[in-house]
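For the record, the sequence lines run as chains A, B, C and D. All residue numbers for the first sequence refer to numbering that gives the first Met the number 0, where the first residue is 0 and numbers rise by one. All residue numbers for the second sequence refer to numbering that gives the first Met the number 0, where the first residue is 0 and numbers rise by one. All residue numbers for the third sequence refer to numbering that gives the first Met the number 0, where the first residue is 0 and numbers rise by one. All residue numbers for the fourth sequence refer to numbering that gives the first Met the number 0, where the first residue is 0 and numbers rise by one.
If you are wondering where the hints come from, they were derived from the structure by calculation, not from laboratory data. Just to be clear, a hint being listed does not mean it is correct.
Since the list can't tell identical chains apart, any single copy or any two copies may satisfy a pair.
[Claimed, not checked] Listed next, the in silico EDC-like pairs over lysine to aspartate or glutamate satisfying Cα-Cα at most 20 angstroms (straight line):
1. 130 - 82
2. 170 - 128
3. 77 - 238
4. 91 - 70
5. 200 - 62
6. 195 - 176
7. 130 - 222
8. 200 - 225
9. 195 - 2
10. 200 - 1
11. 195 - 1
12. 149 - 128
13. 77 - 128
14. 77 - 62
15. 110 - 180
16. 149 - 204
17. 195 - 62
18. 200 - 154
19. 200 - 136
20. 110 - 222
21. 149 - 180
Note that the structure is predicted; figures quoted are calculated from it, not measured.
Protein chains: 4
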Amino acid sequence: MEDVQNTLATVALPIDSVGVRNLRLPISVSRREGGALATVALLELGVDLPAHFKGTHMSRFIEVLQGRQEDLSYKSIKSLLEDILERLHARKARVIFDFPFFMPRPTPVSKATALQSYQCRITGELALEGKLDFILEVKVPVMTVCPCSKAISREGAHSQRAEIRLLLHLKNFCWLEEFIEIAESAGSAPTYPLLKREDEKFVTEQSFANPCFVEDVVRNIAEILETHPHISWFRAEVESFESIHAHNAYAWIERYTQPDSQISCTDLFNMVC
Amino acid sequence: MEDVQNTLATVALPIDSVGVRNLRLPISVSRREGGALATVALLELGVDLPAHFKGTHMSRFIEVLQGRQEDLSYKSIKSLLEDILERLHARKARVIFDFPFFMPRPTPVSKATALQSYQCRITGELALEGKLDFILEVKVPVMTVCPCSKAISREGAHSQRAEIRLLLHLKNFCWLEEFIEIAESAGSAPTYPLLKREDEKFVTEQSFANPCFVEDVVRNIAEILETHPHISWFRAEVESFESIHAHNAYAWIERYTQPDSQISCTDLFNMVC
Amino acid sequence: MEDVQNTLATVALPIDSVGVRNLRLPISVSRREGGALATVALLELGVDLPAHFKGTHMSRFIEVLQGRQEDLSYKSIKSLLEDILERLHARKARVIFDFPFFMPRPTPVSKATALQSYQCRITGELALEGKLDFILEVKVPVMTVCPCSKAISREGAHSQRAEIRLLLHLKNFCWLEEFIEIAESAGSAPTYPLLKREDEKFVTEQSFANPCFVEDVVRNIAEILETHPHISWFRAEVESFESIHAHNAYAWIERYTQPDSQISCTDLFNMVC
Amino acid sequence: MEDVQNTLATVALPIDSVGVRNLRLPISVSRREGGALATVALLELGVDLPAHFKGTHMSRFIEVLQGRQEDLSYKSIKSLLEDILERLHARKARVIFDFPFFMPRPTPVSKATALQSYQCRITGELALEGKLDFILEVKVPVMTVCPCSKAISREGAHSQRAEIRLLLHLKNFCWLEEFIEIAESAGSAPTYPLLKREDEKFVTEQSFANPCFVEDVVRNIAEILETHPHISWFRAEVESFESIHAHNAYAWIERYTQPDSQISCTDLFNMVC
Numbered sequence: 000m001e002d003v004q005n006t007l008a009t010v011a012l013p014i015d016s017v018g019v020r021n022l023r024l025p026i027s028v029s030r031r032e033g034g035a036l037a038t039v040a041l042l043e044l045g046v047d048l049p050a051h052f053k054g055t056h057m058s059r060f061i062e063v064l065q066g067r068q069e070d071l072s073y074k075s076i077k078s079l080l081e082d083i084l085e086r087l088h089a090r091k092a093r094v095i096f097d098f099p100f101f102m103p104r105p106t107p108v109s110k111a112t113a114l115q116s117y118q119c120r121i122t123g124e125l126a127l128e129g130k131l132d133f134i135l136e137v138k139v140p141v142m143t144v145c146p147c148s149k150a151i152s153r154e155g156a157h158s159q160r161a162e163i164r165l166l167l168h169l170k171n172f173c174w175l176e177e178f179i180e181i182a183e184s185a186g187s188a189p190t191y192p193l194l195k196r197e198d199e200k201f202v203t204e205q206s207f208a209n210p211c212f213v214e215d216v217v218r219n220i221a222e223i224l225e226t227h228p229h230i231s232w233f234r235a236e237v238e239s240f241e242s243i244h245a246h247n248a249y250a251w252i253e254r255y256t257q258p259d260s261q262i263s264c265t266d267l268f269n270m271v272c
Numbered sequence: 000m001e002d003v004q005n006t007l008a009t010v011a012l013p014i015d016s017v018g019v020r021n022l023r024l025p026i027s028v029s030r031r032e033g034g035a036l037a038t039v040a041l042l043e044l045g046v047d048l049p050a051h052f053k054g055t056h057m058s059r060f061i062e063v064l065q066g067r068q069e070d071l072s073y074k075s076i077k078s079l080l081e082d083i084l085e086r087l088h089a090r091k092a093r094v095i096f097d098f099p100f101f102m103p104r105p106t107p108v109s110k111a112t113a114l115q116s117y118q119c120r121i122t123g124e125l126a127l128e129g130k131l132d133f134i135l136e137v138k139v140p141v142m143t144v145c146p147c148s149k150a151i152s153r154e155g156a157h158s159q160r161a162e163i164r165l166l167l168h169l170k171n172f173c174w175l176e177e178f179i180e181i182a183e184s185a186g187s188a189p190t191y192p193l194l195k196r197e198d199e200k201f202v203t204e205q206s207f208a209n210p211c212f213v214e215d216v217v218r219n220i221a222e223i224l225e226t227h228p229h230i231s232w233f234r235a236e237v238e239s240f241e242s243i244h245a246h247n248a249y250a251w252i253e254r255y256t257q258p259d260s261q262i263s264c265t266d267l268f269n270m271v272c
Numbered sequence: 000m001e002d003v004q005n006t007l008a009t010v011a012l013p014i015d016s017v018g019v020r021n022l023r024l025p026i027s028v029s030r031r032e033g034g035a036l037a038t039v040a041l042l043e044l045g046v047d048l049p050a051h052f053k054g055t056h057m058s059r060f061i062e063v064l065q066g067r068q069e070d071l072s073y074k075s076i077k078s079l080l081e082d083i084l085e086r087l088h089a090r091k092a093r094v095i096f097d098f099p100f101f102m103p104r105p106t107p108v109s110k111a112t113a114l115q116s117y118q119c120r121i122t123g124e125l126a127l128e129g130k131l132d133f134i135l136e137v138k139v140p141v142m143t144v145c146p147c148s149k150a151i152s153r154e155g156a157h158s159q160r161a162e163i164r165l166l167l168h169l170k171n172f173c174w175l176e177e178f179i180e181i182a183e184s185a186g187s188a189p190t191y192p193l194l195k196r197e198d199e200k201f202v203t204e205q206s207f208a209n210p211c212f213v214e215d216v217v218r219n220i221a222e223i224l225e226t227h228p229h230i231s232w233f234r235a236e237v238e239s240f241e242s243i244h245a246h247n248a249y250a251w252i253e254r255y256t257q258p259d260s261q262i263s264c265t266d267l268f269n270m271v272c
Numbered sequence: 000m001e002d003v004q005n006t007l008a009t010v011a012l013p014i015d016s017v018g019v020r021n022l023r024l025p026i027s028v029s030r031r032e033g034g035a036l037a038t039v040a041l042l043e044l045g046v047d048l049p050a051h052f053k054g055t056h057m058s059r060f061i062e063v064l065q066g067r068q069e070d071l072s073y074k075s076i077k078s079l080l081e082d083i084l085e086r087l088h089a090r091k092a093r094v095i096f097d098f099p100f101f102m103p104r105p106t107p108v109s110k111a112t113a114l115q116s117y118q119c120r121i122t123g124e125l126a127l128e129g130k131l132d133f134i135l136e137v138k139v140p141v142m143t144v145c146p147c148s149k150a151i152s153r154e155g156a157h158s159q160r161a162e163i164r165l166l167l168h169l170k171n172f173c174w175l176e177e178f179i180e181i182a183e184s185a186g187s188a189p190t191y192p193l194l195k196r197e198d199e200k201f202v203t204e205q206s207f208a209n210p211c212f213v214e215d216v217v218r219n220i221a222e223i224l225e226t227h228p229h230i231s232w233f234r235a236e237v238e239s240f241e242s243i244h245a246h247n248a249y250a251w252i253e254r255y256t257q258p259d260s261q262i263s264c265t266d267l268f269n270m271v272c
């Protein structure tokens, strides 16, 4: 049968990335406390394509995924990328895993526990004979109480749910859980899946003792991330679903924290966009 | 050229509705204060199909829409449905328009004005020699302050944005604006596109003087709608984006308010689903 | 501490359903071939509320979910609803689980296997001393080749991905897998996660030998479902992402198949909407 | 009343961008053929914030938008950014308009006309005493016929809808319409809102005479854009909703086309992400 993909390209331009997207699979993810969490991921897998080849062989991306037994981790991402480089004769490969992660969240007073969900996204990129580039993204819901509303009103202050989004270029292995905890402590209060009445009183009072703008939230996070030993670049963003408006407020801070970062801005752009 | 649609169906079953969806068009909508509002709609248009025909002629739905100059209203929906019945030789036709509507929203104290957006959806259904069935849907953002959190906490109370969704089977023409106003007065406070500091103080204090659960919000609305002279059925729903949780709270009340309603529950089901 | 929820409602109207939504949890689902599949669900849980109570106790929904070990099934849904009825002193309870399900999908010629994802949704409703109402929804991607385009063109025919959506009111236990297979055989060809070149040739030729309109697809399904012994109501819908248009074509058939159905249309409406 | 925003920040870090999002407004957009098109936009507006200020004054973003009468264009974006810089005492401002644009699309044979919708996004960024940076994004649906499927199958070939996404950094004013036309000619055939039978025959045959992979589509576009006199950077991406799979195929090419580009990659990253 003819191998059309292997014929010459009519327009001989190199392609930065070609592959498959929106592929859903059950996966398991290593947890800090040991063991693994079963979850479901949306995947993207891609490779570069030299100027002279008409097409890549898309079915090989699916084949590479079959029979893999490892939990998702820094190490398994690297091994997956090496397989893709080899099977598709590529010079650069990229994979993205987008999945909900879960952590037990104890109630602050009644000490019951329920699971909280956090949307995560891991992007790994590897060039032939290169070093693994690894970008971690976590989305963490928090509560914010408005400092202005509190200062000027006779009673109360508007509060709302906000979503923190961290994008991190990691130089070494770190647990997802660490960054979820950094984000959860950056608002007026964390959110909880379960709150009994004594817990609701505690969280309400905690949040009103600690009012913060979206500006405060991203600064609280950036202050910690800019001296983190394993991060070479980060973007901390928060979007607040204002209760007094139908629109949202947002703020973000983006920084290279290590001058000798191995990742270029162009690479970042292409990994994150 | 062969007219495949007009050949006999292999499986001779009547089809409830067949047509086109996800069609985007600029439209204009009549406003209570006079004139019309330019906006953009997503459309669905469909007809029944008797058991013996293989297919409907989809391109005629698009043709029927060309050259129409009327503003969207009860009357123009009826005329559009009559055109569809005729052009597609159908016995039943249905159209759905989903669009953002805008109303000027004055700030409560400083008296400035800005536009607020409300997502609306109009469903019209007409059978040959039948009466127009007309379902109006509006989504209205409001603010809710939690009565429990307020009662038990030393200071403050959690508040959040909530979205009210009204579904209304109308017997006579009514303005969209009337139902938006009913919904906006049903929470702890409305939301505003623009609030200066004196306005923010006012809205915060208003909302804390009027705490309400999702249960209170739908009851406030249902109390008004159940005696409304032009409504024969309604569903009032609210979903609150709780600031202390990552999940939402909801409540709904659904009622036939006029025993001689011309719409059957099966029709409702098929118009709303 | 004051129990505000237990105070009298200001507007004494009964509420059809009040509860929590958008709650994400890892779950496992029983499989026809034995064992269970680990996946992730979005949940909604709700109860009715009598006219005189101001509010329900939302945290109890979360508590009821803790520590449950059973795989998702007809039986576990019933037991969960019984727990909710008891813990929330309710007369009617409803739960919705929305989750991706996975089935191994062998390639037609090369006989390799990969997992295909299908979005499913189970709605269970139980009244005090009533019988469990159970609605199953599955979404199944298929391929359609246009019979008109094929008949009139010198070469080829446009084809596209389409999504079948089945809603089924079940009287007895049935496997999800059965309905996925019914849907997959109703288009021009199924879709596959993995296709090698010999498989792609097979699927292309199979689909061109079997062109079908959206009308054909829903009739193929309805013909099977209307005599299915365990279904008392169904809605079969297909939406085709037309490759020659930016809009979609759709068709649906909805039927009560058993005259003694225990579910009323009002109940259906409220379970499905 | 206290101006909390003007107090000192607890954590004195500069913020890259702070503002409002998800604000919906009716707008009008200049058209190449003259006149303006009424549509609806989602807006984001933001400014930088120096390290020492606690917060920005969010209500001023909404005030700046009031009373503006100009059609959306390169010139009006610049004037809006200048207003924001002044009103918010900022050194850098950014606005994003996301909106559906419409063009009349004549059928190829029967010569009827209907409107086609294209999602567009304009990002403008201006620093004090700087030059306007302007990024245009357009999404254009096309049809692709698979060259491999066509070459190996006895009959037919799978085809599908695909979406082209162009991101363009413009040095000078260009019409949206130009890039929509470039994209529409890059697939196997354009899509049309309206096709009569003779048109459907034409489009089917045109597309089968011109099969292309996602790789071909982006190369066709890149070849044109890389020598375009008014573009200094572009990213051409296509995502194909494969009819034989439930997942999608994608490809993209990204290039700086002018060495003296005034936009840095960091700026691009922050404008596009």
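Cross-check of the supplied hints:
1. When the C-alpha separation of residue 130 and residue 82 is checked against a cutoff of 20 angstroms, the pair qualifies only within one copy, where the shortest distance is 15 angstroms, while the shortest distance between copies is 46 angstroms.
2. In this homomeric assembly, residue 170 and residue 128 come within 20 angstroms of each other (Cα to Cα) only inside a single copy, at 17 angstroms, whereas the closest approach across copies is 38 angstroms.
3. Taking the shortest Cα distances, residue 77 and residue 238 never come within 20 angstroms of each other, neither inside one copy (32 angstroms) nor across copies (26 angstroms).
4. In this assembly of identical chains, the alpha carbons of residue 91 and residue 70 never lie at most 20 angstroms apart, being 23 angstroms within a copy and 42 angstroms across copies at closest.
5. Within a single copy, residue 200 and residue 62 get their C-alpha atoms only as close as 53 angstroms, which misses the 20 angstroms cut-off; across copies the closest is 18 angstroms, which meets it.
6. Proximity of residue 195 and residue 176 under a CA criterion of 20 angstroms is satisfied in neither setting, with 25 angstroms inside one chain copy and 40 angstroms between copies.
7. In this assembly of identical chains, the alpha carbons of residue 130 and residue 222 never lie at most 20 angstroms apart, being 28 angstroms within a copy and 32 angstroms across copies at closest.
8. Taking the closest pair of Cα atoms, residue 200 and residue 225 never come within 20 angstroms of each other, the shortest separation being 34 angstroms inside a single copy and 36 angstroms across copies.
9. Proximity of residue 195 to residue 2 under the C-alpha cut-off of 20 angstroms is restricted to the inter-copy arrangement: shortest distance 11 angstroms between copies versus 63 angstroms within a copy.
10. In this assembly of identical chains, the alpha carbons of residue 200 and residue 1 lie at most 20 angstroms apart only when taken from different copies (11 angstroms versus 70 angstroms within one copy).
11. In this assembly of identical chains, the alpha carbons of residue 195 and residue 1 lie at most 20 angstroms apart only when taken from different copies (13 angstroms versus 66 angstroms within one copy).
12. When the C-alpha separation of residue 149 and residue 128 is checked against a cutoff of 20 angstroms, the pair qualifies neither within a copy, at 56 angstroms, nor between copies, at 37 angstroms.
13. For a Cα distance limit of 20 angstroms, the shortest separation of residue 77 from residue 128 inside one copy, 12 angstroms, qualifies, whereas the shortest one across copies, 46 angstroms, does not.
14. For the homomeric pair residue 77 and residue 62, the shortest alpha-carbon distance inside one copy (17 angstroms) is at most 20 angstroms, but the shortest distance between copies (40 angstroms) is not.
15. For a Cα distance limit of 20 angstroms, the shortest separation of residue 110 from residue 180 inside one copy, 18 angstroms, qualifies, whereas the shortest one across copies, 43 angstroms, does not.
16. In the homo-oligomer, the alpha carbons of residue 149 and residue 204 lie at most 20 angstroms apart both inside one protomer (13 angstroms) and across protomers (10 angstroms), since each shortest distance falls under that limit.
17. For the identical chains of this complex, residue 195 and residue 62 are inter-copy neighbours only, at 10 angstroms across copies versus 48 angstroms inside a copy, given an alpha-carbon limit of 20 angstroms.
18. Proximity of residue 200 and residue 154 under a CA criterion of 20 angstroms is satisfied in both settings, with 17 angstroms inside one chain copy and 9 angstroms between copies.
19. For the identical chains of this complex, residue 200 and residue 136 are neighbours neither inside a copy (32 angstroms) nor across copies (37 angstroms), given an alpha-carbon limit of 20 angstroms.
20. Taking the closest pair of Cα atoms, residue 110 and residue 222 never come within 20 angstroms of each other, the shortest separation being 30 angstroms inside a single copy and 40 angstroms across copies.
21. In this homomeric assembly, residue 149 and residue 180 never come within 20 angstroms of each other (Cα to Cα): the closest approach is 26 angstroms inside a single copy and 28 angstroms across copies.
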